[in-house]
Amino acid sequence: MRINIQFKDRVGIAHEILAVLARRGLNVVAVEVDPPNIYIDSPELLEFMLPSLQTDCQSVRGVGEIKVLDVLPGIRRRLNLDTMMAVMEDPVLAIDASGHIVIANVAAATATRMSESSLCQRSLNQVLDDAGIQEELVNCGFRLPSREVSLNGEPYFMDVTPVSEPQGLDITHGRSVGAVLTFHAPTRIGGRLHALQHSEGSGFHFIIGESEQIRSLKTKAARVAVVDAPLLITGETGTGKELLAQACHGVSGRSNAAFLELNCAALPESLAESELFGYMSGAFTGAQRGGKPGLFEMADGGTVFLDEIGEMSLYLQAKLLRFLNDGKFRRIGSDKEVKVNVRIISATHRNLRKMVQEGSFREDLFYRLNVLHLEMPALRERPDDILPLARHFIERACTQAQKPVCRLNSSACAALVSNHWPGNVRQLQNVVFRAITMSDQRVLDAADLDWAEGSITADVVKSDATESWELSVNAFERSLLENLYPQYPSSRKLATRLATSHSMIATKLRKYGIPQKR
1027 MRINIQFKDR
1037 VGIAHEILAV
1047 LARRGLNVVA
1057 VEVDPPNIYI
1067 DSPELLEFML
1077 PSLQTDCQSV
1087 RGVGEIKVLD
1097 VLPGIRRRLN
1107 LDTMMAVMED
1117 PVLAIDASGH
1127 IVIANVAAAT
1137 ATRMSESSLC
1147 QRSLNQVLDD
1157 AGIQEELVNC
1167 GFRLPSREVS
1177 LNGEPYFMDV
1187 TPVSEPQGLD
1197 ITHGRSVGAV
1207 LTFHAPTRIG
1217 GRLHALQHSE
1227 GSGFHFIIGE
1237 SEQIRSLKTK
1247 AARVAVVDAP
1257 LLITGETGTG
1267 KELLAQACHG
1277 VSGRSNAAFL
1287 ELNCAALPES
1297 LAESELFGYM
1307 SGAFTGAQRG
1317 GKPGLFEMAD
1327 GGTVFLDEIG
1337 EMSLYLQAKL
1347 LRFLNDGKFR
1357 RIGSDKEVKV
1367 NVRIISATHR
1377 NLRKMVQEGS
1387 FREDLFYRLN
1397 VLHLEMPALR
1407 ERPDDILPLA
1417 RHFIERACTQ
1427 AQKPVCRLNS
1437 SACAALVSNH
1447 WPGNVRQLQN
1457 VVFRAITMSD
1467 QRVLDAADLD
1477 WAEGSITADV
1487 VKSDATESWE
1497 LSVNAFERSL
1507 LENLYPQYPS
1517 SRKLATRLAT
1527 SHSMIATKLR
1537 KYGIPQKR
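Just so we're aligned, residue 1027 is where the sequence shown starts under my numbering, counting upward by one.
Hints are computed from structural coordinates only; laboratory data are not their basis. Just so you know, even glycine gets a beta-carbon here, dropped at the ideal spot from N, CA and C. One or more hints might be untrue.
Think about it this way: if two alpha-carbon atoms lie no more than 25 Å apart in a straight line, the pair counts; the simulated DSS-like pairs of lysine-lysine are [what the hints assert, rightly or not]: (1) Lys1354 - Lys1365; (2) Lys1345 - Lys1380; (3) Lys1537 - Lys1519; (4) Lys1365 - Lys1429; (5) Lys1345 - Lys1365; (6) Lys1362 - Lys1345.
Using C-beta positions, here's what the derived DEER-type ranges look like [unchecked claim]: (7) Gly1038 - Ser1144: 42 to 52 Å; (8) Gln1426 - Gln1152: 17 to 27 Å; (9) Leu1340 - Gln1426: 15 to 25 Å.
Just need the whole structure built from these sequences, with the hints factored in.
In structure tokens:
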């Protein structure tokens, strides 16, 4: 039985308590003293003996109540520590003040291909491929920035957490007696980046719209997503090509691995190269000490999305082509080849076929990237999706602005549907966000949208109809109804399309003589 005896701390009291158990002939196998408690493990102590033991112990000055325990606190801490170390997926080593390994977890044993007991008989220099790190750690008091190291020939990022001996009540700034080293594989780093960047998840349900164009796109995308081959997504700027790429990754066989992206137009050639392929320590001025893995290493087993692939330089195009051929590459400054398994999804708003003819894009790379192809339709080609998208963006904008959810009146709906949207979904999102931010109205009308965007309805309101507010509204309503009526040739269909009442639409159609009588 394991017990906790409470006492008032004084010199010799623990010895006196143990003497009571010895006089009763009770063997003690473990003792932990943590004033005002003494924890005792005595297998021969049985429950019926507790009352008499309590009486005997109370003869010792300062002894209080006896409580039964399931496990001693020190053993509980050790069991918890062992369990935590065992379930950690990253290799972890604890070293003493001289740099010798004292604790290793299962992941470390797997990474080094040694047993945990074998690891605990070695120094850090005998485990890491990088000579001098052990001495550097000891000399700097185990306060070393994160850096890349090599473990059994494989790259890892090493984080160092000093272990300090408490000084009085200060448990954080004592003398360093060792450190805990945590090693992060590039794929684990990529997984964490993916989790941070895509915490909401991915899938085709995130692509909002029920138009015929979107339904057809989702059907086709669902087929190509499960095929493990390069995919090229084309479409105008702001149509949501990255969202489509994420959805394809989310339903593919690689969905449990990382999805990492690089905008080829956002970085100069040298930075884009280091982001994709990584670099070794000292590869160039300003390079991170120890080196850095690239996106291809961090996304091993997953997907790399290359946005605006048409902006990639010819030099990088050649390196990418070589990688697509065999899945191998070299870090900048390294002569060692790294092989990874990554799916490439690329996207562009440019005409790559025309760029091939002009010589600004490699023809062989174009055919390697364009194995599978999806075309993201422009927003003006799917007007049925404008209002659902607008309502979605309104809900998000209101949440961000901490406002009650607003709604659109018929005039605002009509203005949104009739706009040309050269900036596509991104422009629509910006219009809604500005309107929500700047307006205090619970119901948004066309004036709120026009004020936020400029002349959003300029393409449907004729200049000769702007003499007054009433004439402008009439001209806008007539133009909207004339444009939509051929697609929805009844007052009920048109009312459903514009999310308003049938009677109001019928009145407006009669007012403007739509359809025109011949």
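These are the hints, each one checked on the structure:
no.	hint	verdict
1	Lys1354 - Lys1365	4 Å, holds
2	Lys1345 - Lys1380	22 Å, holds
3	Lys1537 - Lys1519	18 Å, holds
4	Lys1365 - Lys1429	51 Å, violated
5	Lys1345 - Lys1365	14 Å, holds
6	Lys1362 - Lys1345	15 Å, holds
7	Gly1038 - Ser1144: 42 to 52 Å	44 Å, holds
8	Gln1426 - Gln1152: 17 to 27 Å	54 Å, violated
9	Leu1340 - Gln1426: 15 to 25 Å	42 Å, violated
Figure legend: structure checked against the earlier numbered hints; hints not met, in rising order: 4, 8, 9.
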